[in-house]
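Trainee: Just so you know, the protein sequences line up as chains A and B, in that order. Plus 272 on top of the position in the first sequence (first one is 1) and you've got this note's numbering. Plus 272 on top of the position in the second sequence (first one is 1) and you've got this note's numbering.
In short, the hints are calculated from the structure, not lab data. Some hints here could point you the wrong way.
Dumping the calculated SDA-like pairs for lysine to any residue here, alpha-carbon to alpha-carbon at most 20 Å [as the list claims (entries may be wrong)]: (1) A:K429 with A:L338; (2) A:K628 with B:W373; (3) B:K465 with A:T484; (4) A:K552 with B:R625; (5) B:K671 with A:K465; (6) B:K671 with A:C368; (7) B:K554 with B:G571; (8) A:K327 with A:R317; (9) B:K539 with B:C563; (10) A:K539 with A:D596; (11) A:K429 with A:M273; (12) B:K628 with A:P365; (13) A:K465 with B:T659; (14) B:K383 with A:E629; (15) B:K383 with A:F647; (16) A:K283 with B:R606; (17) A:K383 with B:K573; (18) B:K313 with B:G329; (19) B:K573 with B:E583; (20) B:K671 with A:P363; (21) A:K383 with B:R625; (22) A:K286 with B:T490; (23) B:K628 with A:P363; (24) A:K671 with B:N374; (25) A:K350 with A:E433; (26) B:K552 with A:K429.
Protein chains: 2
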Amino acid sequence: MVEQEVVSKAKKCKEAARGLAYLSTEIKNSALTAMADSLIKNTQRIIEANSLDIKAGREQGLSRALIDRLLLTPERIKDMADGLNVVVALPDPVGCVEAMWNLPNGLQVGKVSVPLGVIGIIYEARPNVTVDAAGLCLKAGNTVLLRGGSEAIHSNKVIAEVIANAATTAGIPEGAIQLLESTDRAAVNVMLKLNEYLDVLIPRGGAGLIQTVVQNATVPVIETGVGNCHVYVDSDADLGMAQNIIINAKCQRPGVCNAMETLLVHKAVAGSLLPLLCDKLKDFGVELRGCERTRRIVGVKTATEDDWGREFLDLILAIKVVEDLDSAMDHIYRYGTRHSEAIITNNYSHSRRFLKEVDAAAVYVNASTRFTDGFQFGFGAEIGISTQKLHTRGPMGLKELTTNKFIIYGEGQVRE
Amino acid sequence: MVEQEVVSKAKKCKEAARGLAYLSTEIKNSALTAMADSLIKNTQRIIEANSLDIKAGREQGLSRALIDRLLLTPERIKDMADGLNVVVALPDPVGCVEAMWNLPNGLQVGKVSVPLGVIGIIYEARPNVTVDAAGLCLKAGNTVLLRGGSEAIHSNKVIAEVIANAATTAGIPEGAIQLLESTDRAAVNVMLKLNEYLDVLIPRGGAGLIQTVVQNATVPVIETGVGNCHVYVDSDADLGMAQNIIINAKCQRPGVCNAMETLLVHKAVAGSLLPLLCDKLKDFGVELRGCERTRRIVGVKTATEDDWGREFLDLILAIKVVEDLDSAMDHIYRYGTRHSEAIITNNYSHSRRFLKEVDAAAVYVNASTRFTDGFQFGFGAEIGISTQKLHTRGPMGLKELTTNKFIIYGEGQVRE
Numbered sequence: 273m274v275e276q277e278v279v280s281k282a283k284k285c286k287e288a289a290r291g292l293a294y295l296s297t298e299i300k301n302s303a304l305t306a307m308a309d310s311l312i313k314n315t316q317r318i319i320e321a322n323s324l325d326i327k328a329g330r331e332q333g334l335s336r337a338l339i340d341r342l343l344l345t346p347e348r349i350k351d352m353a354d355g356l357n358v359v360v361a362l363p364d365p366v367g368c369v370e371a372m373w374n375l376p377n378g379l380q381v382g383k384v385s386v387p388l389g390v391i392g393i394i395y396e397a398r399p400n401v402t403v404d405a406a407g408l409c410l411k412a413g414n415t416v417l418l419r420g421g422s423e424a425i426h427s428n429k430v431i432a433e434v435i436a437n438a439a440t441t442a443g444i445p446e447g448a449i450q451l452l453e454s455t456d457r458a459a460v461n462v463m464l465k466l467n468e469y470l471d472v473l474i475p476r477g478g479a480g481l482i483q484t485v486v487q488n489a490t491v492p493v494i495e496t497g498v499g500n501c502h503v504y505v506d507s508d509a510d511l512g513m514a515q516n517i518i519i520n521a522k523c524q525r526p527g528v529c530n531a532m533e534t535l536l537v538h539k540a541v542a543g544s545l546l547p548l549l550c551d552k553l554k555d556f557g558v559e560l561r562g563c564e565r566t567r568r569i570v571g572v573k574t575a576t577e578d579d580w581g582r583e584f585l586d587l588i589l590a591i592k593v594v595e596d597l598d599s600a601m602d603h604i605y606r607y608g609t610r611h612s613e614a615i616i617t618n619n620y621s622h623s624r625r626f627l628k629e630v631d632a633a634a635v636y637v638n639a640s641t642r643f644t645d646g647f648q649f650g651f652g653a654e655i656g657i658s659t660q661k662l663h664t665r666g667p668m669g670l671k672e673l674t675t676n677k678f679i680i681y682g683e684g685q686v687r688e
Numbered sequence: 273m274v275e276q277e278v279v280s281k282a283k284k285c286k287e288a289a290r291g292l293a294y295l296s297t298e299i300k301n302s303a304l305t306a307m308a309d310s311l312i313k314n315t316q317r318i319i320e321a322n323s324l325d326i327k328a329g330r331e332q333g334l335s336r337a338l339i340d341r342l343l344l345t346p347e348r349i350k351d352m353a354d355g356l357n358v359v360v361a362l363p364d365p366v367g368c369v370e371a372m373w374n375l376p377n378g379l380q381v382g383k384v385s386v387p388l389g390v391i392g393i394i395y396e397a398r399p400n401v402t403v404d405a406a407g408l409c410l411k412a413g414n415t416v417l418l419r420g421g422s423e424a425i426h427s428n429k430v431i432a433e434v435i436a437n438a439a440t441t442a443g444i445p446e447g448a449i450q451l452l453e454s455t456d457r458a459a460v461n462v463m464l465k466l467n468e469y470l471d472v473l474i475p476r477g478g479a480g481l482i483q484t485v486v487q488n489a490t491v492p493v494i495e496t497g498v499g500n501c502h503v504y505v506d507s508d509a510d511l512g513m514a515q516n517i518i519i520n521a522k523c524q525r526p527g528v529c530n531a532m533e534t535l536l537v538h539k540a541v542a543g544s545l546l547p548l549l550c551d552k553l554k555d556f557g558v559e560l561r562g563c564e565r566t567r568r569i570v571g572v573k574t575a576t577e578d579d580w581g582r583e584f585l586d587l588i589l590a591i592k593v594v595e596d597l598d599s600a601m602d603h604i605y606r607y608g609t610r611h612s613e614a615i616i617t618n619n620y621s622h623s624r625r626f627l628k629e630v631d632a633a634a635v636y637v638n639a640s641t642r643f644t645d646g647f648q649f650g651f652g653a654e655i656g657i658s659t660q661k662l663h664t665r666g667p668m669g670l671k672e673l674t675t676n677k678f679i680i681y682g683e684g685q686v687r688e
């Protein structure tokens, strides 16, 4: 029965994708506006459904943080609606001719952006993702099969119904936005192998979920997730700037993938930077773990081999004093997850080498790693941050929800 | 032992990838030139090794076509070397700043092309792929783990040794080009799951090989392959042009993925087009299979449901007479594999609708489907034709062997 639901909904998504792919920007935008309006209009219904999820979550003993993630208020529903209106204002990523050129035989070839087709989104107990993902996929001309976490199922069902109805009324092909009511792993397992109907899978959530998808999917996957990010303070750094950036990268929001997990400090400045910095970090409640050289300067716990490789996602920081730029880059190469890496320096050639030689989705000079984010980068929206290399790497906006086709204008050309 | 070989070579590829990623164009080009020279210099050795493969192939009763594919001659070795020299002349796809923009907070963000990293190429008994794939991967800054078919193992071993040594001598990190000596399926199976060391897999070969890779890989795959391509002759077509294009698309090289497999003809022109066309196609040795309406016009076998969905890869053509443009596009939607589709028409709005509404890697107006090819499109080279939507679709040149990173120049910016 689970399989039946997944297959039949995925099939409908595929059917709807054909027409949605070349729908006008006007219709897509009016649908997004209607979805936003309908969310506001149905605030009461959504909150009633949400209260069932909250009640069940409390009975199951979910953590306060998880309950907070689940909770919807009129304000949060308004935020979701506002998010859709932001997407309305973004340029349509479909149908852009990226390049057009002439071949010697007179053929004119153009490379045009087109929708990916059907996107499967597998996510956890965040009802806002339902709206967010549906809106972005729709604007990029894709249909979407949503599979949210069981904890949010009551909320998700009402939200999906509300936005899907609004979309259909506005002229989007029926079936373009669909939510699976089956929330168990079996539903995910069916999605993972449904190459016939799904073009791409995007898992959004914890490392466990993402690994399950990566390890078992035959449908192409965009992996998102893990960030073991470093800030390296070079010998030529402005130490005041370094301190601000370190505190921001660690403390502004420690639970996210672009937060710093390990601080690397050039030996020449460790003595002047670490004492004051560590006091401040402790004031922010950060637990510090250092290498032996760090511990000779400040009183912190010993960092283990395991700490260098960990994404703490918490107020914990590992600190290592390094010989030079090369040792810092070696450490990042060995332990980094190619997400976001920063150097603080005023040395021109060191900045150039770091930007060139460090392989990561985002490489910074003199700025906090916390900026790796589609909104911050100016994309206006973000469906996730790719941590793989295929398709794209780093924050993914609307453009990254498209692929290309080639169009060729001829006058009877044949191949010799 | 097989696993040990694959893992240790993949690990070396990964280690070599770090330095290769930011090597200068100059060094990469001098390595490619040295590889080409070394192939010519070692012609005799390569031919001796190749004769072992040919002998074994004949003993195993390989078909004449397969033996011909395997066979190396001084001329064919020169062609491989020439291919490398063509790659030298192509622009370096690495390090291109595709875009750079300023954020309101003063951060300057750039999107830069960087190598994918380590590419695994899984292919069949074509020794030229060894040179071709290694050269393209190298120019795009990637290391490559090659796994060729067992039938070509003697040739491949010598070729890989020759080009890898030339590359290393020219300054490419050791281990950047590696060939697996294990040619059984077990070696492939290890590659498919080696996410730790391999960034991307590209299978090149028959449908069976490609499906094995797609169905079992956890490493991201670029699927290449199947093309069930159509030519649709519209009511407003120039029938002389249509005839030339059809003959070219079917007969010029029937065994390739961009050859036409089904001809769709508007009912208004079927009577005037088909009799003469079918005679000509028969002269080319094409076996014709038609729908009932076709059979009322010309004497051909009945096309079965199965024929519409088949990639014949042979001198066989299915023919269907359709009501109008919409029926033609419906047929293509139902049976096509989204590879290459063509309309022959002089009707402006029909040409626009076909280009927009037909979803395929390449959509043509008034030209043969046979042009879907990286060399023909002007990319100068081709590693394969992607038939999936993730990453890219259609012919893949050097640019498609790269991904991106974001580089960010700051002056101490932190996130609010």
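Trainee: Decide, hint by hint, whether the structure agrees.
Mentor: Checked hints:
no., hint, result
1, A:K429 with A:L338, "holds (19 Å)"
2, A:K628 with B:W373, "holds (18 Å)"
3, B:K465 with A:T484, "holds (13 Å)"
4, A:K552 with B:R625, "violated (64 Å)"
5, B:K671 with A:K465, "violated (29 Å)"
6, B:K671 with A:C368, "holds (19 Å)"
7, B:K554 with B:G571, "holds (11 Å)"
8, A:K327 with A:R317, "holds (16 Å)"
9, B:K539 with B:C563, "holds (12 Å)"
10, A:K539 with A:D596, "holds (7 Å)"
11, A:K429 with A:M273, "holds (18 Å)"
12, B:K628 with A:P365, "holds (15 Å)"
13, A:K465 with B:T659, "holds (17 Å)"
14, B:K383 with A:E629, "holds (15 Å)"
15, B:K383 with A:F647, "holds (15 Å)"
16, A:K283 with B:R606, "holds (13 Å)"
17, A:K383 with B:K573, "violated (39 Å)"
18, B:K313 with B:G329, "violated (26 Å)"
19, B:K573 with B:E583, "holds (18 Å)"
20, B:K671 with A:P363, "violated (25 Å)"
21, A:K383 with B:R625, "holds (17 Å)"
22, A:K286 with B:T490, "violated (24 Å)"
23, B:K628 with A:P363, "holds (19 Å)"
24, A:K671 with B:N374, "holds (19 Å)"
25, A:K350 with A:E433, "holds (17 Å)"
26, B:K552 with A:K429, "violated (60 Å)"
The earlier numbered hints that this structure contradicts are 4, 5, 17, 18, 20, 22 and 26.
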